[in-house]
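A.B. asks: Residue numbers (the working numbering), protein chains in the order written: chain R, 1 to 174; chain X, 1 to 228.
Treat the hints as calculated values from the structure; they're not laboratory data.
The C-beta atom is built at its ideal place from N, Cα and C for all residues, glycine as well.
One should not assume that every hint holds.
Have a look at the derived ranges for each label pair, beta carbon to beta carbon [unchecked claim]: (1) X/Thr193 - R/Ala112: 48 to 54 angstroms; (2) R/Asp131 - X/Asn194: 14 to 20 angstroms; (3) R/Glu121 - X/Arg14: 28 to 34 angstroms; (4) R/Leu97 - X/Asp12: 49 to 55 angstroms; (5) X/Leu100 - R/Ala171: 54 to 60 angstroms; (6) X/Thr193 - R/Val128: 45 to 51 angstroms; (7) X/Glu129 - R/Glu73: 55 to 61 angstroms.
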Amino acid sequence: MSIGHTLLGLLESGPRHGYDLKRAFDEKFGHDKPLHYGQVYSTMSRLLKNGLVEVDGIEAGDGPERKRYAITEAGITDVGAWLATPEKPEPYLSSTLYTKVVLALLTGRDAADLLDTQRAEHLRMMRVLTDRKRRGDLADQLICDHALFHLEADLRWLELTAARLDKLGKAVGA
Amino acid sequence: MTPAGALLTARDLRKAYGPTHALDGAEFSIHAGEIVAVMGPSGSGKSTLLHCLAGIVTPDSGTILYNGRELSAMSDAERSALRRTEFGFVFQFGQLVPELTCVENVALPLRLTGAGRKAAERTALGWMERLEVDDLKGKRPGEVSGGQGQRVAIARALVSGPRLIFADEPTGALDSLNGERVMELLTEAARSTNAAVVLVTHETRVAAYSDREIVVRDGRSRDMERAI
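Isolated chain R (complex conformation) (with noise of 0.2 angstroms):
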């Protein structure tokens, strides 16, 4: 994720203190990982070199100086062009399964128990989305279903490649 258009997108709705920045971050976003207070620093002095936000106003107080940040006209047609990006599909044709799976194919080992293994531990990790998903609001429960579909769509695959297991271990000249 882009952590630059996330915050500029946040900045939007109106100026902000670095601090308020990473806290709507974090309650929006950072659900599994939460912002480091130097990464919303570093990020908020590149957007400033590059135009896309400006300082708001700074206040002053006993530890370090407050800076206020707002977005500039260039930094909103910034995120227009970013959410209108569509992101590239991640195919995963390099998969590390497979390459275990032929692995296994092609050392005689028992690759249907690999696949089984595999899929105790994604069924696993789905119960634990699953049951987040049910204690959680709304948003919680968006994340957590666009986590299972992909593993839901993992599980499928190791299915078909289950139910393929000898073909392939002939493709591959096992």
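Here the structure of chain R is known, so what remains is to put chain X in place on it, guided by the hints.
C.D. replies: Below, chain X alone, put in the same frame as chain R:
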């Protein structure tokens, strides 16, 4: 050996339909309050396993112990009584009696064990409220949606306070949103009454509501928890 404290165990189950070995040495166990998913490809034998465990189909060989009692040693009448009082069933579709209203459908298991109509329907309505379908009490199954009908069926499966619920592809005919709500309600209701659930499904998102899963392939089962 029977797993300690198991509510239902099956050992070395075999069942053939002509030349096809639907079950070929399948094993199974479930404890009170546990939700176990039975997974596997189409034709792997998972539905046959469920039917054997529920006493609907008699295996060719193998043992099934429910609460320490051998299912095959019971008379047909005893097995029927067990299915009425101790087991609950939820299938993919076609399980509600079309001529009866929803509340009459839910009350049916209680009526069959001799409860009066008023008392049975009062209990039934309580379960319909929990499954969020009490407003459908006067409707017939043909007048409700698939998701609503499935909730009514779950209320009926739970109404007699079963210790074990057999659910065969309970969300198979529903879209994702309705399927998830049905699973949430089914698992919540089962957990609140400490009922165990045998959940046959080929959908991993449905299986993710279980505590553990077994995989059936070519009539043989594999307990994935013990495999890791």
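A.B. asks: If you test the structure against every hint from before, which numbers come out violated?
C.D. replies: 1, 4, 6
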